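Chemist: One-letter residues, chain by chain:
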Amino acid sequence: MQEHVASIKTYTLVFLSLLALTLATTLVAAIDLGAFNVVMALFIAAVKMMLVALFFMHLRHSTILTKVVVGGGMLWLAILLVLSLSDFVTRGWLPVPGK
Amino acid sequence: MGSELPLFPVQASSVAASVDHLLYFLLAVAVFFSVGIFVTIFYFAVRYRRRSESELPVPAEGAMTLEILWSVIPFGLTMIMFAWGASVFFEISRPPDDAQQIYVIGKQWMWKLQHMEGQREINELHIPVGQAVKLTMTSEDVIHDFFVPAFRTKADVVPGRYTTTWFKPTKPGKYHLFCSQYCGTNHYAMVGWVYVMEPQDYQAWLSGGTSGSLASSGEKLFHDLACVNCHHLADPPGRGPNLRNLYGSMVELTGGAKVKADEDYIRESILNPSAKIVSGYQPIMPTFQGLVTEENVLQLIEYIKSLTPKPVPAPAGAGAATSKQKPTKQ
Amino acid sequence: MITEAVQEREHYLNASYGIKSWLLTKDHKRIALLYLHTITFFFFLGGIFATLIRLELLTPKGDLVSADTYSKLFTLHGVIMIFFFLIPSIPATLGNFFLPMMIGAKDLAFPRINLLSWYLLVIGGCFAMYAMLAGGVDTGWTFYVPYSTNYSNTYVIATGLGIFIAGFSSILTGLNFIVTVHRMRAPGMTWFRLPLFVWSNYATALIQVLGTPVIAITLVLLIGERTLHIGIFDPARGGDPVLFQHLFWFYSHPAVYIMVLPAMGVISELVSVFSKKPVFGYKVVAFSSVAIAVLGFLVWGHHLFVSGQSVYAGLVFSFLSYFVAIPSAIKVFNWTATLHKGSISYATPMLYAFGFIGLFTVGGLTGLFVACLGVDVHVHDTYFVIAHFHYIMVGGTLMAYLGGLHYWWPKMSGRMYPEGWAKLSALVIYLGFNLTFFPQFILGYLGMPRRYWTYPDEFQVLHVMSTAGASVLAVGYLMPLIYFMWSLRYGPIAGPNPWGATGLEWQTASPPPAHNFDETPIVTTEAYDYAALAAREEVKVG
Amino acid sequence: MDSHAETAELREQFETPAQQKEISTLGMWIFLVTEIMFFGGLFLAYAIYRREFASVFALASNTLDVVIGAVNTAVLLCSSFTMVLAVRAAQIGSRKALIVFLILTILLGGVFLGVKAYEWNQKFEEHHVPGPTFHLEGTTQQGPAQLFFSLYFTMTGLHALHMVVGEGLMLFLLWHAYRGKYTPSYYTPVDVGGLYWHFVDIVWIFLFPLLYLIARHQH
Chain A
98 MQEHVASIKT YTLVFLSLLA LTLATTLVAA IDLGAFNVVM ALFIAAVKMM
148 LVALFFMHLR HSTILTKVVV GGGMLWLAIL LVLSLSDFVT RGWLPVPGK
Chain B
403 MGSELPLFPV QASSVAASVD HLLYFLLAVA VFFSVGIFVT IFYFAVRYRR
453 RSESELPVPA EGAMTLEILW SVIPFGLTMI MFAWGASVFF EISRPPDDAQ
503 QIYVIGKQWM WKLQHMEGQR EINELHIPVG QAVKLTMTSE DVIHDFFVPA
553 FRTKADVVPG RYTTTWFKPT KPGKYHLFCS QYCGTNHYAM VGWVYVMEPQ
603 DYQAWLSGGT SGSLASSGEK LFHDLACVNC HHLADPPGRG PNLRNLYGSM
653 VELTGGAKVK ADEDYIRESI LNPSAKIVSG YQPIMPTFQG LVTEENVLQL
703 IEYIKSLTPK PVPAPAGAGA ATSKQKPTKQ
Chain C
27 MITEAVQERE HYLNASYGIK SWLLTKDHKR IALLYLHTIT FFFFLGGIFA
77 TLIRLELLTP KGDLVSADTY SKLFTLHGVI MIFFFLIPSI PATLGNFFLP
127 MMIGAKDLAF PRINLLSWYL LVIGGCFAMY AMLAGGVDTG WTFYVPYSTN
177 YSNTYVIATG LGIFIAGFSS ILTGLNFIVT VHRMRAPGMT WFRLPLFVWS
227 NYATALIQVL GTPVIAITLV LLIGERTLHI GIFDPARGGD PVLFQHLFWF
277 YSHPAVYIMV LPAMGVISEL VSVFSKKPVF GYKVVAFSSV AIAVLGFLVW
327 GHHLFVSGQS VYAGLVFSFL SYFVAIPSAI KVFNWTATLH KGSISYATPM
377 LYAFGFIGLF TVGGLTGLFV ACLGVDVHVH DTYFVIAHFH YIMVGGTLMA
427 YLGGLHYWWP KMSGRMYPEG WAKLSALVIY LGFNLTFFPQ FILGYLGMPR
477 RYWTYPDEFQ VLHVMSTAGA SVLAVGYLMP LIYFMWSLRY GPIAGPNPWG
527 ATGLEWQTAS PPPAHNFDET PIVTTEAYDY AALAAREEVK VG
Chain D
116 MDSHAETAEL REQFETPAQQ KEISTLGMWI FLVTEIMFFG GLFLAYAIYR
166 REFASVFALA SNTLDVVIGA VNTAVLLCSS FTMVLAVRAA QIGSRKALIV
216 FLILTILLGG VFLGVKAYEW NQKFEEHHVP GPTFHLEGTT QQGPAQLFFS
266 LYFTMTGLHA LHMVVGEGLM LFLLWHAYRG KYTPSYYTPV DVGGLYWHFV
316 DIVWIFLFPL LYLIARHQH
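Residue numbers (my numbering), protein chains in the order written: chain A, 98 to 196; chain B, 403 to 732; chain C, 27 to 568; chain D, 116 to 334.
Hints were generated in silico from the structure; no laboratory data involved.
It is possible that part of the hints are untrue.
Below, a list of computed lysine-lysine pairs in the DSS-like style, where the Cα atoms sit at most 27 Å apart [unchecked claim]:
#1 B:Lys509 to C:Lys566
#2 C:Lys87 to B:Lys514
#3 B:Lys662 to B:Lys678
Please read these numbers as outputs of a predicted model, since none were measured by experiment.
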């Protein structure tokens with residue numbers, strides 16, 4: 098699995114883009130995009146995560162099983178967040194206090 | 403060895419019958435499948451018991467049709483259970499508009515109940531038969547749960563917010579009230595009785611001993627806490643919004659969001675004023691967290707509600723002279 | 027411990043002697059026996075609490091123990107039975123011992139982490155024992171806030187730490203199983219030749235790995251709130267107690283599948299071996315294990331129907347809860363179909379399998395009652411729910427655990443258990459169980475709330491029946507403890523394959539050598555292929 | 116414990132060295148999934164309370180110094196960079212480069228923890244630590260404000276704890292690298308250590324915007 102040794106150039110390129118994205122997310126936060134701010138911040142963070150995972154953690158040429166494991170982790174995190182928030186977001190939709 | 407042996411709870415509220423019908427359906431399905439599987443296993447176990455160690459049964463291939471059959475049929479049954487259960491749940495969750503309001507405060511190991519007419523009861527609730535009752539509940543410490551088995555209704559009483567349960571009693575009598583969310587050492591003692599009375603008995607009980615309606619004690623508090631200094635009731639608007647005709651209306655907050663002025667909103671504005679600032683006003687109102695008890699908050703809410711003349715005639719049950727109609731003098 | 031009577035062949039028990047050979051072992055079989063001792067201790071400790079609770083409830087008035095002692099009794103009964111017996115029970119003992127053997131591996135992927143898992147369970151157990159001896163904990167095994175953080179003055183932190191540590195034992199066992207099943211199967215052992223016991227332990231491992239960390243963070247927040255008052259669950263500061271319930275049940279509902287899935291795996295093995303037929307619909311049963319593990323994570327909200335959770339979230343969770351019921355139903359139907367045209371033996375493990383299928387069916391069907399929004403409002407937090415989960419935990423998992431223990435005892439110890447006594451104890455347990463818990467369904471619908479020290483007089487008759495059943499049950503559980511110990515010395519010598527089973531673990535000696543197989547087995551036949559087994563027997567004999 | 120015995124040669128339960136390496140990385144990835152769920156609980160609490168107390172969270176978030184946060188993020192990314200170069204050095208077998216990059220990673224990790232300690236200390240001085248002395252200017256909602264800082268300290272504290280464990284791991288790798296134990300055919304511990312380090316970096320990649328950049332436009 099590890100025969101493939103990436104060149105320093107790729108790593109440096111990935112590193113610089115990570116720094117650039119950090120700067121970008123800090124600057125974008127200063128602009129008032131309303132609710133879109135959160136989406137933008139999370140999107141940039143997700144891109145940085147993918148960069149680190151694919152290149153630095155060699156996910157690109159890992160086994161399918163490793164990719165499924167990572168995907169499973171993300172999916173379960175989403176289950177926890179989405180289903181829990183389904184309660185907090187829909188509170189008060191029925192015009193009865195506490196329902 | 404104890405008194406008579408009840409096997410099924412009495413049906414004493416409008417919703418009890420529909421919950422029990424749902425239960426009968428579930429019971430029927432459960433008994434059908436349990437007996438079916440018990441009998442099948444018993445029959446196979448006897449019919450195909452091992453005669454000799456050397457016999458080798460021919461392995462049957464899995465039949466996909468059979469697998470699909472006993473997946474889809476149970477799934478169909480469960481969807482019926484879900485839909486029927488959901489409809490009963492909505493019936494349990496939505497109190498009718500004409501329900502008589504009662505406030506409940508759960509406190510470690512007792513129930514405090516307050517009628518609109520001012521009656522205060524501990525661990526007991528007197529209500530007239532046939533009149534829907536809406537309980538708006540909160541807790542002063544841990545999570546409790548207002549459970550009346552005869553009415554088939556239950557709702558947790560959560561500190562820091564209001565929760566609601568309602569029932570329309572259909573049979574006069576004396577029914578158990580339990581706390582069914584573990585709340586500490588004397589959780590078992592936090593019990594009581596719900597007395598469902600004929601209307602005339604209820605009136606007799608009602609007129610005996612009342613120390614002024616909830617709204618009037620709310621009004622006294624409104625002046626004692628100097629709310630009236632900012633929230634003027636007369637024309638020259640004070641520093642705070644005028645609370646007349648507030649309850650039930652839509653309030654526009656700074657930043658444009660609109661919110662309905664219900665019990666939760668009023669309670670939050672008393673305990674956490676700067677959470678929602680009405681547009682055009684400054685966040686100068688101090689918090690009353692810790693200065694007012696839960697009862698005081700309920701009294702203030704009832705008073706503010708009384709500042710909104712009720713278009714619909716007062717509910718039949720509260721025949722006694724309620725101060726709701728007449729705006730009280732300054 | 028094992029006398030010389032067992033023929034003097036090198037096996038994992040006499041490979042080395044001394045405390046160090048046990049406490050520092052890396053052999054998955056020895057670690058399984060270490061777990062067996064630990065969880066047997068915790069089972070009987072939890073059982074004592076159960077007996078005390080039932081004795082207290084003999085009378086409507088509280089006249090055996092005081093109110094707060096009663097709260098501590100049911101809390102410790104719950105904590106010890108769930109976190110220190112049921113969750114480790116089948117995966118850590120039977121799973122640890124037989125999973126590697128069933129797939130033809132020499133050991134688990136990470137033997138040292140496997141030993142660390144046992145130590146973590148023991149250390150967690152010590153914390154829980156300290157809390158128990160120092161004064162107990164009275165919050166209920168669910169630790170609901172704000173009672174557990176601001177109002178209880180008992181040993182919540184010590185118990186919380188105990189569960190936190192024991193949780194890592196569960197995570198590491200799950201991790202070990204997943205990697206082992208994926209990467210260390212013998213040549214020829216394809217996924218669809220795996221015994222169903224391996225499939226169900228694999229599905230359980232998925233839940234252990236994905237669910238347990240959430241209870242870990244929940245306990246961290248609970249202890250943080252209780253010591254530093256960080257306010258995350260404190261309503262006075264904007265915290266929401268219902269958030270704790272979401273985080274708690276996100277793990278605790280899948281945890282009930284951690285407890286029942288391995289039991290289903292054992293039953294699949296028993297039903298197949300004792301009717302000498304492959305399990306009907308092998309692939310469907312295998313995938314239903316994984317389906318239960320996955321769907322098990324979408325349904326936790328049915329514990330919050332009356333907690334102040336929004337009505338619409340209640341709808342979503344009730345709807346999803348019915349999805350997870352289907353795979354369980356499929357399994358029961360497939361087990362029943364396996365019996366058709368089989369050659370069914372009435373050996374003790376099969377009696378436990380019959381018991382499991384019957385009681386698990388009742389448990390599962392009453393699960394449909396509490397998943398139904400309309401009925402759950404009435405039965406939530408009453409004895410109906412207690413009866414429901416005891417039917418699945420005691421009627422299901424415990425029956426399967428005992429069945430599995432009897433089934434694999436000859437392989438583990440090289441000795442047979444006494445058949446007559448074993449059949450009697452199985453019957454006693456079955457009758458005692460039903461007498462204990464069936465009346466509680468009626469009690470529950472009558473509205474008797476759970477965790478009550480006293481109760482209204484009219485419920486007494488049903489409580490007396492339940493207590494009577496509990497005493498019968500207690501006797502039923504003591505019998506195996508006695509005759510299993512007896513069998514270690516006097517039990518007849520068991521051959522390598524006393525039941526005529528097809529698993530790889532029966533193709534090596536009993537008790538097995540330290541490295542399981544003299545040479546790594548090559549698998550050529552499908553799972554549960556009794557014809558091939560019979561052919562092999564003839565070749566050997568002929 | 117026979118730690119010396121398992122240097123390069125194969126531990127007994129594996130068939131081939133490749134199987135042993137692949138199993139170790141798979142084991143670490145599954146462990147990282149448990150870490151995702153572990154931090155997930157905190158992110159859920161954060162999401163719920165931020166949605167419920169948006170204005171107070173914005174106010175409280177603006178008291179954090181965004182420049183320090185951004186610089187700290189850069190430091191951590193840099194440590195990830197040196198980490199991946201260390202793994203690469205181990206792959207190609209240059210022991211000296213491996214040692215240099217491991218030292219750099221440890222130092223950068225130390226810088227990050229130092230900056231974090233400085234920020235925490237600043238919070239202590241400004242009375243932004245939940246408890247009796249807590250006070251946040253500009254709002255009457257002191258309760259929810261304390262909630263933000265509770266989440267801030269819990270999340271960054273847990274992350275810092277994982278950083279400390281990572282530093283310990285790096286020192287362990289440095290010690291074995293110094294003793295020349297890692298060769299191109301056996302460098303699994305370095306690779307596995309790298310996976311852990313990059314994961315902790317990814318957690319910070321999410322923590323930084325969520326805690327620091329809530330409403331910078333409202334300055």
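Chemist: Next, verify each hint and record whether it holds.
Modeler: Each hint tested on the structure:
1. Of the supplied pair hints, the one linking B:Lys509 and C:Lys566 is violated, its CA atoms being roughly 76 Å apart against a limit of 27 Å.
2. A C-alpha spacing of about 25 Å is found between C:Lys87 and B:Lys514, which places the hinted pair at or below 27 Å, so the restraint holds.
3. Using a Cα cut-off of 27 Å, the hinted pair B:Lys662 and B:Lys678 holds, with the two alpha carbons roughly 11 Å apart.
Violation of the numbered hints given earlier is confined to hint 1; every other hint is satisfied by the structure.
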